[in-house]
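Construct all of the structure, not just a fragment, from the sequences and the given hints.
From first to last, the protein sequence lines are chains A and B.
First residue of the first sequence? That's 1 in this note's numbering, and the numbers climb one at a time after it.
First residue of the second sequence? That's 1001 in this note's numbering, and the numbers climb one at a time after it.
Calculated directly from the structure, the hints in this document are not laboratory data.
Computed from a predicted model, the values in this text were never measured in an experiment.
One should not assume that every hint holds.
[Unchecked claim] Derived EDC-like pairs (lysine to aspartate or glutamate); straight-line CA-CA distance at most 20 Å: (1) A:Lys5 with B:Asp1191; (2) A:Lys92 with A:Asp168; (3) A:Lys126 with B:Glu1049; (4) A:Lys126 with B:Glu1256; (5) B:Lys1041 with B:Asp1191.
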Amino acid sequence: MNFRKSLTYILLTVAALTFLYPFYWMIIASLLPESQIGDFTLIPQELTFSNYLTMFSKIPIFRSLLNSSIVAIVSTTGIIVFGSMVGYALAKMTFKGRDLIFFIIIFTMTLPFQITLIPNYILMVKFGWVDSFAALIIPALNSAFAIIMFRQVFRSIPDDLISAARVDGCTETQIIFQILWPNIIPTIITVSIITFMASWNDVLWPLIVIRDEQLMTMPQLVTLFAVGGRSDAQLGVKLASAVLLALPVIIAYLIFQKHFISSMASSGIKG
Amino acid sequence: MSKEKNKKQILPYFLVSPYLLHLLVFITFPIVFSIVLTFHKWNIISPMEYVGVDNFVRLFNDRMFWKAIVNTFVFLVIHIPLQIIIALALAYFLNQKLFFRAFFRAAFFLPVVISGVVVTMLWQQLYSFDTGLINDMLVSIGLPRVAWLTDSKFAMISIAIMATWKNVGLYVILFLVGLQSVPERYYEAADVEGASSWQKFRYITLPAINPTIFMVTILSTIGGFGLFIEPYIMTGGGPLNSTLSAMLYIYKQAFEYYHMGYAATLGIFFALIIMLVVVIQKYTIEKE
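As structure tokens, this is what we get:
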């Protein structure tokens, strides 16, 4: 191995440690007694779950995990179903206004969310949806990104496949969900990961529409725990809540790492 | 037959109807209503009060809002170049035959998938003056401690560094895709001509990845204008309002003071600034 190659390895290793070590530090620190957190660097001396137990007694963290899961799963499913319906119509059907609708979809993608944030909150108040999952799920149910992804993949599917299915007596909805879906699994995975992650990590909108602690999403609950006084400024307890918030995503990432990277990169390229 | 044809004409509209309904309720109506709100004073509870152009007058005289806009630009001006340089450097080194290449890539990408809430809480501790890892490292190499989050000169820089750490992995991947699209024979031809590594980078690599740089700039500009949760958790907008981002200020106006009309005015105005900046970026880059 030459000098140049060695230098590359050293540089990349230092970079990798810069990204990984803080997470290692956070996980270990959350398992240490408060007095030892400041001194810890590499190998812990004694581990304890007391920070976690304190946190469990103060906030309904598992309830929030359940809430976040429900909201993310329902939103993602809705976006996949509606997104493929609209994408199919735009890709494979001719009708008046089709191009206009496609133009509008592209246009809405360029609209900064800051325009609609406040009026949408007022809508939630008027609909009586504040402090309900409806406020977290229904406004999120349409994604221009998903529609564009589905339109694109449906365009690549040969018309013969669809005509054959029609001859066999399939309705258009059957064609979409039974004939076409099995053929576009990579796109479904990409849209699912992007949508799920966006829903899971969103914190601004939940902060606005959810006040009831029992209905809060996980990032929202952890945020309010971190900035509010209830952690009694105990670092270990705060870090314990952050670790639990990160854990499901870290596990999913370890398993589906390649899908995460390719999906999120493709959303960047297309978006 | 005519019934069949009728069905065929209705069907596409049936398929797009959920989208159109959603568009009407959650995008079209809010935009119109937002414009109505800009001419009113409203705290949601009492009736709306028509105030003419008062909100606009107030906006132009609102020093705090302009400070928040400037802060947001300061964030972007530090964050975007830093992110492009680091992402490009990491992608450049990754773009060769290496052991553990997939591992490096995955390591760089990890912070991208983790919630910004976790990253902010973690970095708040890394930046801690007395016990933070970063100051401990500075001390160990003989440098003084830095008041990363409590000195108004440093606080926004600290947030920009953290945001770069969180997002850079995504842009490493985008740059890798760009770098891999450069045909190998270009470099071979340059080798024959006796070009140096720097010349190859400057005259072959850089022009080829220009579209990626453009895309990264636009994406991180739009993302960066949304800067909210990091200062919300880390500094609350302080010290001395040095990390008060435009989004955080709008949030406070709307959901802490319940100035809905004024907050809607700020929202529209800020959105126009965002669109203007993105259009200018597109225009200047296309011209080049």
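Hint by hint, here is what the structure shows:
no., hint, result
1, A:Lys5 with B:Asp1191, "18 Å, holds"
2, A:Lys92 with A:Asp168, "18 Å, holds"
3, A:Lys126 with B:Glu1049, "18 Å, holds"
4, A:Lys126 with B:Glu1256, "19 Å, holds"
5, B:Lys1041 with B:Asp1191, "68 Å, violated"
Checked against the numbered hints given earlier, the structure breaks only hint 5 and satisfies all the rest.
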